[in-house]
Amino acid sequence: MNIDRLKNKLISKVITRFPSLAKRFIASYDPRQSLDVPWTPVTRALDRSTIAIVTTAGVHHKDQGPFDMKDREGDPSYRVIDLGRPLSDLMITHDYYDHADADKDINIVFPVERLREFEKQGLIGHVAGRHYSFMGHIIGRHIPTLVNKTAPEIARALKNDHVDVVLLTPG
Amino acid sequence: MGLIQREIEKQGIPTIGISIVRQYSEKVRPPRTVFLRWPFGHPLGEPFKTAQQRVVLAEALRALYVIQEPGAIIDLPYRWRREQYDDRDIQNILRVVPK
Chain V
1 MNIDRLKNKL ISKVITRFPS LAKRFIASYD PRQSLDVPWT PVTRALDRST IAIVTTAGVH
61 HKDQGPFDMK DREGDPSYRV IDLGRPLSDL MITHDYYDHA DADKDINIVF PVERLREFEK
121 QGLIGHVAGR HYSFMGHIIG RHIPTLVNKT APEIARALKN DHVDVVLLTP G
Chain B
1 MGLIQREIEK QGIPTIGISI VRQYSEKVRP PRTVFLRWPF GHPLGEPFKT AQQRVVLAEA
61 LRALYVIQEP GAIIDLPYRW RREQYDDRDI QNILRVVPK
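If you read the protein sequences in the order shown, they are chains V and B. The first sequence begins at 1 in my numbering and counts up one residue at a time. The second sequence begins at 1 in my numbering and counts up one residue at a time.
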């Protein structure tokens, strides 16, 4: 493992344990201010809605290639999470937050078992079969790729899957 | 996360995001957000605390129906590791959701 990755992992552990130090880390990333806000009204009842998760917690199947941790500007690519496969097949690649707890229980970043319980109870319609995962910490030259290419791609895929609601979770 | 959320909403699917950094959500302005002042890597709480995770999930789903103003952020009242969670709260949280 190279020195940059070690440094990032160490920082992520420290700021998770000592949230007061996280303020400096947070301030080091300054996203551009958006003026407009996109809006689609919610028209379908929750108990008839199909719900998908899109996470930026770096979740992926073990046999999918990991996210690129060497590029300092991150990785704008995504992975398709197939719920037909066992959850034990999932793992996390992400050096910018401490995922030791999420490694024990993926639901704290990717709450798929909780969604399944809600489905069983009739609180929601269905859990989607396919979910989508990114690695957060996407900056610099990768932002246009994310906004113009990969994010619209998964949005269209979600549409094709007849997903009614998307829940987004960070790392 | 917010940038991805905005693109999904633009394609016509309503979205809700769970945020743990309020200032990112304020700047990026995704359509709907619930915010928790919780540590990185724990948007739904602690491992194996299923009642806690279910409460956060229910709050997020509730926010879909409650938020009327684009870009609104709901500050959830739960303190990190200082709350008791009960599955009976779920029905109450989702009470406002239309059937």
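Do not rely on the hints blindly, as some may be mistaken.
[As the list claims (entries may be wrong)] Here are the simulated DSS-like cross-link-like pairs (lysine-lysine), alpha carbons at most 25 Å apart as the crow flies:
no., chain 1, residue 1, chain 2, residue 2
1, V, K13, B, K99
2, B, K49, V, K120
3, V, K159, V, K104
4, V, K7, V, K120
5, B, K99, V, K104
6, V, K23, V, K62
7, B, K10, V, K13
8, V, K120, B, K27
9, V, K70, V, K120
10, V, K149, V, K159
11, V, K149, B, K10
12, V, K159, B, K49
13, V, K70, V, K159
14, V, K23, B, K27
15, B, K99, V, K149
16, V, K149, V, K120
Source of the hints: derived by calculation from the structure; they are not laboratory data.
So, going through the hints one by one against the coordinates:
1. Pair hint K13(V) plus K99(B) does not hold up; C-alpha atoms about 43 Å apart against a cutoff of 25 Å.
2. Simply put, K49(B) and K120(V) have alpha-carbon atoms about 19 Å apart, close enough for the 25 Å limit, and the pair holds.
3. A C-alpha spacing of about 32 Å is found between K159(V) and K104(V), which places the hinted pair above 25 Å, so the restraint is violated.
4. Using a Cα cut-off of 25 Å, the hinted pair K7(V) and K120(V) is violated, with the two alpha carbons roughly 43 Å apart.
5. Distance check on the hinted pair: K99(B) and K104(V) sit about 35 Å apart at the alpha-carbon level, beyond 25 Å; violated.
6. About 33 Å separates the Cα atoms of K23(V) and K62(V), which puts this hinted pair outside 25 Å; it is violated.
7. Distance restraint check for K10(B) and K13(V): the Cα-Cα separation of roughly 35 Å exceeds the 25 Å cut-off, and the hinted pair is therefore not satisfied.
8. For the proposed pair K120(V) and K27(B), the alpha carbon gap of about 37 Å is over 25 Å, so the pair is violated.
9. For a cut-off of 25 Å, the pair hint linking K70(V) to K120(V) is broken: about 41 Å separates their Cα positions.
10. Using a Cα cut-off of 25 Å, the hinted pair K149(V) and K159(V) holds, with the two alpha carbons roughly 16 Å apart.
11. In summary, the hint linking K149(V) to K10(B) is supported, as the alpha carbons are separated by about 14 Å, within the 25 Å threshold.
12. Between K159(V) and K49(B) the CA atoms are separated by roughly 32 Å; this puts the pair beyond 25 Å, and the hint is violated.
13. Annotation: proposed proximity of K70(V) to K159(V) is violated, straight-line Cα distance about 32 Å (limit 25 Å).
14. With a CA separation close to 16 Å, the supplied pair K23(V) and K27(B) stays within the 25 Å bound.
15. Of the pairs offered as hints, the one joining K99(B) and K149(V) is violated, with about 36 Å between alpha carbons and a cut-off of 25 Å exceeded.
16. Proposed proximity of K149(V) and K120(V) is contradicted: the alpha carbons are some 35 Å apart, above 25 Å.
When held up to the earlier numbered hints, the structure conflicts with 1, 3, 4, 5, 6, 7, 8, 9, 12, 13, 15, 16 and fits the remainder.
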